[in-house]
Amino acid sequence: MDNSVENPLLQAPGLSSISGWLADSKLLVKALIHSPVPFAGECSLPMSQRRRLTDQYQKIFVPTYPAIRIADRMLSALQHGLERRNPTWPEVQRWINSTQQWYRRSVDEIPWNPVQAKGMILEGMTGIGKSHIVERVLGLLPQVVDHEPKGDWGMLKLRQLVWLKVPMPADHSRRGLLASILAEMDRVLETDYYRSLMRPTNRIENLIVGVMQLLVQHRCGMLIIEEAQEANLGSKVFSRDFLNFFLRILNWGIPTMIVGNPLSFLELRTHAQDVDRFSEGGWFTMLPEWGPQSDTWTKSWLPGLWQPCLLDLVDAPFKTLDTMPEATDWPSLLWQMTGGLPRQLARLRAEVMDWALINKMSQVTTDIVFQVFVQSPKFSGVQARNRALANHDMNALMGYRDLPLNQLREYWLRDMPGTYPKKPKPGPSLEPRHPKVSIGDQEESPDTAERKRLIAGLKSLTKEASLARHVRQASKRRKKDAE
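When we follow this note's numbering, the leftmost residue of the sequence shown carries the number -14, and every step to the right adds one.
Hints in this document: simulated from the structure, not taken from any laboratory.
Since the model is a prediction, treat every value here as computed from it, not as a measurement.
Among the hints, a few may not be true.
Using C-beta positions, here's what the derived DEER-type ranges look like [as the list claims (entries may be wrong)]:
#1 Asp307 / Ser365: 27 to 37 Å
#2 Leu30 / Trp97: 43 to 53 Å
#3 Pro127 / Gln348: 18 to 28 Å
#4 Leu30 / Glu76: 54 to 64 Å
#5 Asp261 / Lys44: 52 to 62 Å
#6 Asp261 / Pro310: 15 to 25 Å
#7 Leu182 / Thr350: 33 to 43 Å
#8 Gln348 / Leu12: 30 to 40 Å
#9 Gln34 / Pro288: 22 to 32 Å
#10 Glu76 / His19: 49 to 59 Å
#11 Ala155 / Ser365: 18 to 28 Å
Glycine is no exception: its CB is placed at the ideal position from the N, C-alpha and C atoms.
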């Protein structure tokens, strides 16, 4: 196939930018950053109208290294899938046309293809920010692109479905998932597929083929399945049926990403072939930061989620609290209150701002934050859990059935400061040997090189944003002094 031929599926705004984002991490970081809440002294609204902005804290996107890496791989898988389905290629047109021969056939009668799309897994406990990353990446792209008649690639008209995101069904059934896919396609594409296919007489094996054909016909760039839980994908009863369906989707050239709780992937991990297929695009495990001293907590989450302020004054200096003697500064105090979870940090900041605006406070203090944390109904049900996560208290966490306790225990023990694993006995290593990337007189793995590249782009943009903010603040001060 000639890669030099223009691909209509990648020419729409957003899609045409993917190549640039993948080539330059700084451009990707710049596209991902989203901060709709101003910093202290920068809000132009009168005090009486600022409360409506508190909901915007949940929309802030902080491009941490894990988030940038996941975004990079999502965009790469989507681009790779669309590149291989360039409609100007005759062989691609023949493949699309050939799928019609299986109309109303059972999925068991359809042969497997030798070429596969990339599968991806994104796992993490609740509140860690999985869905927020996915939504931000998809927000950079159009969801539907209309293509008008174009003779050289044989299409009279096409509504391209760039991506489709649906949750796992509450009833844990494949029919429920297929119904969700059809309903969401109808909503997005303004079609009527649900009514035509979701008939009681249509067997599940035939329904699967019908859904696959529609995804192929609309050139779906990526299918994202969210809310994978232990009760559906992680269950031995349901797991095999779901996984076979997802493998079929990959087999028809559509990249598929599954997002969910680590407990939902326990069954999948027991099948080496499935792990290979679903990790082709990347298997990402999101875990809380180890402690309040981590760079990500102090240099990314706190500046990104806590510093935006709807008041005219920045927060007052930290003051030690008798009720929380373990908190010695702002990072450790907020760590104890949120368990290191970004969703909880954003929620706490929004509640603090709301309380301060209601009570006409001019500045956030340590006492105010503690009072909100103790009294807010949004934290009454999570205080104990957050403190347990902050203190790595496994005994206190045992009562939560949806937390990946074994994964957390291994992570905390493995990364505990001051502890070192025993030196292994000499012998052959089972770890894969990665090729080295030479940089000057040093050698580093491709993962390390990629991490440095992405972090360098993030640091550069963070510095630029900080300098621009200081310039704006200085200009406002000079203008105020002149008045």
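Do the hints match the structure? See the list:
Checked against the hint of 27 to 37 Å, the pair Asp307 and Ser365 fails, with Cβ atoms roughly 22 Å apart. Separation of Leu30 from Trp97 is about 58 Å and departs from the stated range, judged on CB atoms against 43 to 53 Å. Checked against the given bound of 18 to 28 Å, the beta carbons of Pro127 and Gln348, roughly 43 Å apart, lie outside it. Distance hint for Leu30 and Glu76: a CB-CB separation of about 57 Å, consistent with the stated range 54 to 64 Å.
Checked against the hint of 52 to 62 Å, the C-beta distance between Asp261 and Lys44 comes to roughly 36 Å, which is inconsistent with it. Taking the beta carbon of each, Asp261 and Pro310 are about 50 Å apart, not inside 15 to 25 Å as hinted. With their beta carbons about 59 Å apart, Leu182 and Thr350 fall outside the hinted range of 33 to 43 Å. Evaluation of the 30 to 40 Å hint for Gln348 and Leu12 yields a pass: the beta carbon distance comes to about 37 Å.
One distance hint, 22 to 32 Å for the beta-carbon pair Gln34 and Pro288, holds here, with the actual separation near 26 Å. Take Glu76 and His19: their Cβ atoms lie about 40 Å apart, and the range 49 to 59 Å is violated. Separation of Ala155 from Ser365 is about 26 Å and conforms to the stated range, judged on CB atoms against 18 to 28 Å.
Checked against the numbered hints listed earlier, the structure breaks hints 1, 2, 3, 5, 6, 7 and 10; every other hint is satisfied.
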